[in-house]
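Using the sequences and the accompanying hints, generate a full structural model.
These protein sequence lines map, in sequence, to chains A and B.
Letter 180 of the first sequence, counting from 1, is numbered 180 in our numbering, and no numbers are missing.
Letter 158 of the second sequence, counting from 1, is numbered 368 in our numbering, and no numbers are missing.
Because the hints were derived from the structure by calculation, they are not lab data.
This structure is a prediction, so every number in the text was calculated from the model and none was measured.
Quick list of in silico lysine-lysine cross-link-like pairs, DSS-like style, CA-CA up to 27 Å: (1) A:LYS179 <-> B:LYS404; (2) B:LYS389 <-> A:LYS194; (3) A:LYS55 <-> B:LYS266; (4) B:LYS404 <-> A:LYS183; (5) A:LYS75 <-> A:LYS183; (6) A:LYS56 <-> B:LYS266; (7) B:LYS404 <-> B:LYS389; (8) B:LYS393 <-> A:LYS183; (9) B:LYS393 <-> B:LYS404.
There are 2 protein chains.
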Amino acid sequence: MHRPRREMIAETRAKLIAAARHAFGTVGYAEASMDDFTASAGLTRGALYHHFGDKKGLLQAVIREIDAEMSARLKVVSARADNLWQGFVDECTAYIEMALEPEIQRIVLRDGPAVLGDPSQWPSQNECIHSMAESIRRLSDEGTIVAVDVEAAARLISGASLHAAQWIANSDDPKATSKKAVKAFNVLLEGLLKRPGGPQDRMRALSGMH
Amino acid sequence: MHRPRREMIAETRAKLIAAARHAFGTVGYAEASMDDFTASAGLTRGALYHHFGDKKGLLQAVIREIDAEMSARLKVVSARADNLWQGFVDECTAYIEMALEPEIQRIVLRDGPAVLGDPSQWPSQNECIHSMAESIRRLSDEGTIVAVDVEAAARLISGASLHAAQWIANSDDPKATSKKAVKAFNVLLEGLLKRPGGPQDRMRALSGMH
DNA sequence: TCAATTGGCATACGGAGCGTATGTTGATAG
DNA sequence: CTATCAACATACGCTCCGTATGCCAATTGA
Numbered sequence: 001m002h003r004p005r006r007e008m009i010a011e012t013r014a015k016l017i018a019a020a021r022h023a024f025g026t027v028g029y030a031e032a033s034m035d036d037f038t039a040s041a042g043l044t045r046g047a048l049y050h051h052f053g054d055k056k057g058l059l060q061a062v063i064r065e066i067d068a069e070m071s072a073r074l075k076v077v078s079a080r081a082d083n084l085w086q087g088f089v090d091e092c093t094a095y096i097e098m099a100l101e102p103e104i105q106r107i108v109l110r111d112g113p114a115v116l117g118d119p120s121q122w123p124s125q126n127e128c129i130h131s132m133a134e135s136i137r138r139l140s141d142e143g144t145i146v147a148v149d150v151e152a153a154a155r156l157i158s159g160a161s162l163h164a165a166q167w168i169a170n171s172d173d174p175k176a177t178s179k180k181a182v183k184a185f186n187v188l189l190e191g192l193l194k195r196p197g198g199p200q201d202r203m204r205a206l207s208g209m210h
Numbered sequence: 211m212h213r214p215r216r217e218m219i220a221e222t223r224a225k226l227i228a229a230a231r232h233a234f235g236t237v238g239y240a241e242a243s244m245d246d247f248t249a250s251a252g253l254t255r256g257a258l259y260h261h262f263g264d265k266k267g268l269l270q271a272v273i274r275e276i277d278a279e280m281s282a283r284l285k286v287v288s289a290r291a292d293n294l295w296q297g298f299v300d301e302c303t304a305y306i307e308m309a310l311e312p313e314i315q316r317i318v319l320r321d322g323p324a325v326l327g328d329p330s331q332w333p334s335q336n337e338c339i340h341s342m343a344e345s346i347r348r349l350s351d352e353g354t355i356v357a358v359d360v361e362a363a364a365r366l367i368s369g370a371s372l373h374a375a376q377w378i379a380n381s382d383d384p385k386a387t388s389k390k391a392v393k394a395f396n397v398l399l400e401g402l403l404k405r406p407g408g409p410q411d412r413m414r415a416l417s418g419m420h
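Pasting the structure below:
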């Protein structure tokens with residue numbers, strides 16, 4: 001026994017993050033008692049404050065971990081597709097499906113923003129957005145889609161995806177709701193595709209917005 | 211003096227809602243002390259518990275009030291446009307602009323979902339969505355846009371709008387960010403418009419999503 | 001090898017906030 | 001006119017959080 005010090009410390013941090021992640025994901029951030037979930041990890045609040053400063057710091061660490069997993073999953077999905085557009089579509093699909101998971105929905109999509117502020121300011125969340133933005137950039141370079149600010153497009157699409165996912169997850173008939181959402185999402189995404197017949201100098205949809 | 215009883219009661223409720231709305235909108239729900247903001251209204255927590263049950267109940271009432279205002283504003287905006295499409299565009303614009311207001315952003319978009327759960331389940335929020343869905347339905351009847359589930363489209367668009375608004379509000383250069391967001395939003399909305407040349411039997415964007 | 005020191009974590013204490021139980025007052029009904 | 005009940009205020013106990021303090025083990029330097 002008597003493993004190296006560094007390992008014990010890392011294990012303590014990992015246990016705290018795991019316990020907090022479980023508590024936050026089930027009962028929610030506000031209802032999660034620090035005394036309770038530190039005890040469930042065989043520790044006390046002393047360890048928590050030492051490593052993470054406070055409850056919000058621990059939430060940050062939890063979200064960082066989840067977001068890293070999400071980002072990795074997105075990268076895998078988009079990389080294994082045959083072509084860029086299909087990879088992008090798969091990425092969107094994966095994004096929606098991840099947002100359906102209760103743990104992600106509660107911690108990242110609901111409690112996170114309330115406690116840590118707007119997600120667009122998180123370094124972690126930006127990683128996910130960046131992954132989608134990169135896909136869009138490649139599509140743009142390839143000439144498949146129209147010229148558009150990649151970050152803006154990525155944020156709009158992720159916003160639509162996340163709301164769609166929450167709607168689906170909480171609907172009475174998730175299966176049917178999913179079908180409707182995907183179909184409508186489909187229609188919107190078509191706006192990105194270049195028109196086959198020529199330049200799109202048609203009526204600009206939101207020309208009225210200053 | 212000695213105004214009717216009902217009026218006094220209604221005034222008490224209104225004062226509590228107003229005080230809570232201010233507190234929630236500035237320091238946030240979690241940091242708002244019930245003792246503090248009830249006192250600022252010249253009352254105590256006794257009145258709060260009597261009228262609203264608990265802190266969450268009061269938040270519900272606050273959100274209901276804000277949402278009613280939002281819904282009314284949307285109705286006005288869409289009604290005064292020359293045509294349906296322009297009215298819809300104006301409605302989207304108004305939606306984004308409302309989401310830029312700090313009070314709405316904090317109470318309705320961040321704290322609300324964390325405390326009360328997914329907004330798609332709120333009777334109030336559904337009012338706003340319903341307003342947008344109604345506009346889309348009329349556009350669909352009119353033949354301006356493609357056939358699409360109106361609620362799904364409304365939710366996707368509102369999701370994109372809200373995220374865009376949060377991104378804009380928290381960006382370093384809101385003016386520039388707004389331009390980029392609106393332009394991308396524009397592109398996506400074009401997916402809704404019927405193609406002038408014929409039926410849209412082209413590649414379906416998300417055919418890969420089950 | 002043996003202090004000395006430092007970091008990792010637990011314990012103890014004080015304060016704040018929330019929910020409930022109870023009290024008080026004033027208006028309305030009969 | 002009185003009895004009742006609604007509309008609030010007060011009081012109490014509990015839980016939870018943050019900080020200050022204490023202890024122990026592991027590392028460091030000679």
